[in-house]
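Can you make the complete structure from the sequences, with help from the hints?
There are 2 protein chains.
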Amino acid sequence: MNKLVTDITKTISGVINQKEFTPLHAPIFEGNEIKYVTDCIESNFVSSVGEYVNRLEEMLVDYTGAKYAVVTVNGTAALHVCLILAGVEQDDEVLMPALTFIATANAVSYIGATPHFVDVEYQSLGVDAKKLDSYLSQITQIKDGQCFNKKSGKRIKAIVPMHSFGHPVDMDELNNVAKKYNIVVVEDAAESLGSFYKDKHTGNHSLLAAISFNGNKIITTGGGGAILTNDEKLAKMAKHITTTAKIPHKWEFKHDMIGFNYRMPALNAALGVAQMEQLDKFVQHKRKLAQRYADAFKSIEGVKFFTEPKYGKSNYWLNTLILDEDKEALRDELLETTNSQNIMTRPIWTLMNKLEMFKNAPKMDLSVSESLEKRVINIPSGAWL
Amino acid sequence: MNKLVTDITKTISGVINQKEFTPLHAPIFEGNEIKYVTDCIESNFVSSVGEYVNRLEEMLVDYTGAKYAVVTVNGTAALHVCLILAGVEQDDEVLMPALTFIATANAVSYIGATPHFVDVEYQSLGVDAKKLDSYLSQITQIKDGQCFNKKSGKRIKAIVPMHSFGHPVDMDELNNVAKKYNIVVVEDAAESLGSFYKDKHTGNHSLLAAISFNGNKIITTGGGGAILTNDEKLAKMAKHITTTAKIPHKWEFKHDMIGFNYRMPALNAALGVAQMEQLDKFVQHKRKLAQRYADAFKSIEGVKFFTEPKYGKSNYWLNTLILDEDKEALRDELLETTNSQNIMTRPIWTLMNKLEMFKNAPKMDLSVSESLEKRVINIPSGAWL
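Residue numbers (our numbering), protein chains in the order written: chain C, -2 to 382; chain B, -2 to 382.
Do not rely on the hints blindly, as some may be mistaken.
For each label pair, taking beta carbons as the anchor points, the in silico distance ranges come out as [to be verified]:
1) 136/B with 148/C: 41 to 51 Å
2) 195/B with 88/C: 45 to 55 Å
3) 10/C with 381/B: 53 to 63 Å
4) 228/C with 195/B: 47 to 57 Å
5) 338/B with 88/C: 52 to 62 Å
6) 277/C with 11/B: 54 to 64 Å
7) 39/C with 150/B: 51 to 61 Å
8) 336/B with 40/C: 15 to 25 Å
Honestly, the hints are just simulated from the structure, not real lab data.
Glycine residues also receive a C-beta, built at the ideal position from the N, C-alpha and C atoms.
Structure follows, in structure tokens:
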């Protein structure tokens, strides 16, 4: 076995100090989860109307500092609605990193729009604003205040930066570029609840943002998500469109647009309220674990433990190793070795542009994403470790 | 006050015998709900993988007799996937009753297809197969084995009969017509869990069917739904497409088509398992309540209590009064009077063709739907009554 693979495996093992199988992540229910869910069932309001839905939204507003939060059935639904509210229409293009989870690209596809893949940088593993600027200056033209891809002729309506593994993208830089080209920014904050860019929580640096509470996230509602915004009209519209766009009336069933059944049920919100109460603790534990990994990996040559960018504070949702470029051939051996020793590890997502359904989608030079795809490995990150 | 309005209000009041506000419907949690949901949280598997998801699917298979069940985040999602699997594509037309809940039309819209509204009949309040046959014989032509609307030039790919308030549509008649025109049938069984057409449960008389477990349905999972089918390939594809179309692999993240985050979380499935255990009891109670209403309304002239068609057995999800044609002007007074006396009542849905976003959609003569819209009122239907 390769020495570096052995060293990395031993180092992870030394940090986590577990005898049994250690997953990449798992939820922790040691607060009021059972109490609130029981109370929710006893209240008889388990569906889309219920006190816990309101409470979870209030807690998200308090925690993130966003003016409005609208909870949804999952993060994909939240992203879908954000894109609609951002004005994305059929046949538009939406910029996003090639290095992202499939939901970002799927949500764009639901509208009949096309994902347009851009590269990332090493500081945040998120969108590289400088490289984007240079690319857009070559391929776009502004007509009537809208940005068009000169090659495809399609409008580029929005960009969806993703805070990979919880690490905040440099939003000021990105917003400057987006403003220059008149492109709306929607943050994919699915992984970054508990992460801050400068002094403000992620999801607060764009028109709209989507959060996920899937089972593998820092807190979970079973399945769930949320839309964040500081715009009152958009918040109202988000509630409207996620509840079948029904017009309030004492008894009539009238709907004024094509809406969705996307509101989070109160049963899931009850779990979420209990989880939110523990979010600070989870973030603290995860940041401590990251510090222990960082210390342990300092002395290992050939691999780097990824740490948060200087301008922000990460929730370290998933901890990340990046093999040196000349060690990329070891990735699969490292995955085999760790997983066979009950230490769950995973590569990063297959780049979106390599998936069959997106292989013809427009893209820029993706050399950094391609290099990271070969070298990134996520390692156990549970807050209990 | 009009005498008929008074008589109807008194009659409802006499049957339900409640002192406090009586909703149209509400869930009943008097089984293992808290036990199973607690167990689910303690198992740590609250998300899309979990034993309760499998158990709920097995119980649905046992109860409905369908070979496969795939549970989803809600009934709208189930319908959306059914339509995709039925082969509905952008720019197709999908036939459905004008008298249905908005979800049926929305699900069609998500694909970029157009709802095409057809009329209903008095026996089931569902699609009128004979009238449909006559209409299709005039407006369609078959090209290469596919049915086309001669006027719009669009393909008519599918029809979505809806079992209104739980009352089964005459599926044999409808299937004969659909077969003649080579149109795929997808049952909207959102309201009809516990309802049978002839000897087989609704949802078993077509290629695919969608069930809803929304908070107002006969059983609830908070929010939830299910796809039923007897086709193994479609069932597998339903699981695949509802779980982001991820290809199984020991660690790779690859997806082979545009998929959805539509799988029901285990937390909701745990509630559903407890509810399924009580479904037979709920159906019995609701059928008894309907019988009491039927008896009480026998002597009232000017209104009819709607009873199940002879060929089937209804779950009587929502009990229904139909005012005589010459009494339709009393509908709003009846709604005002009952609701002001703490008896919740509702009109039927606004016909789909009258909603802004569907007003230009193709439609046939809808005279029966239009007449029913003016005369139908749903009355309290909770299984505890």
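Here is what the structure says about each hint:
no., hint, result
1, 136/B with 148/C: 41 to 51 Å, "holds, 42 Å"
2, 195/B with 88/C: 45 to 55 Å, "holds, 47 Å"
3, 10/C with 381/B: 53 to 63 Å, "holds, 57 Å"
4, 228/C with 195/B: 47 to 57 Å, "holds, 54 Å"
5, 338/B with 88/C: 52 to 62 Å, "holds, 53 Å"
6, 277/C with 11/B: 54 to 64 Å, "holds, 56 Å"
7, 39/C with 150/B: 51 to 61 Å, "holds, 56 Å"
8, 336/B with 40/C: 15 to 25 Å, "holds, 23 Å"
Comparing the model with each numbered hint stated earlier shows that all of them hold.
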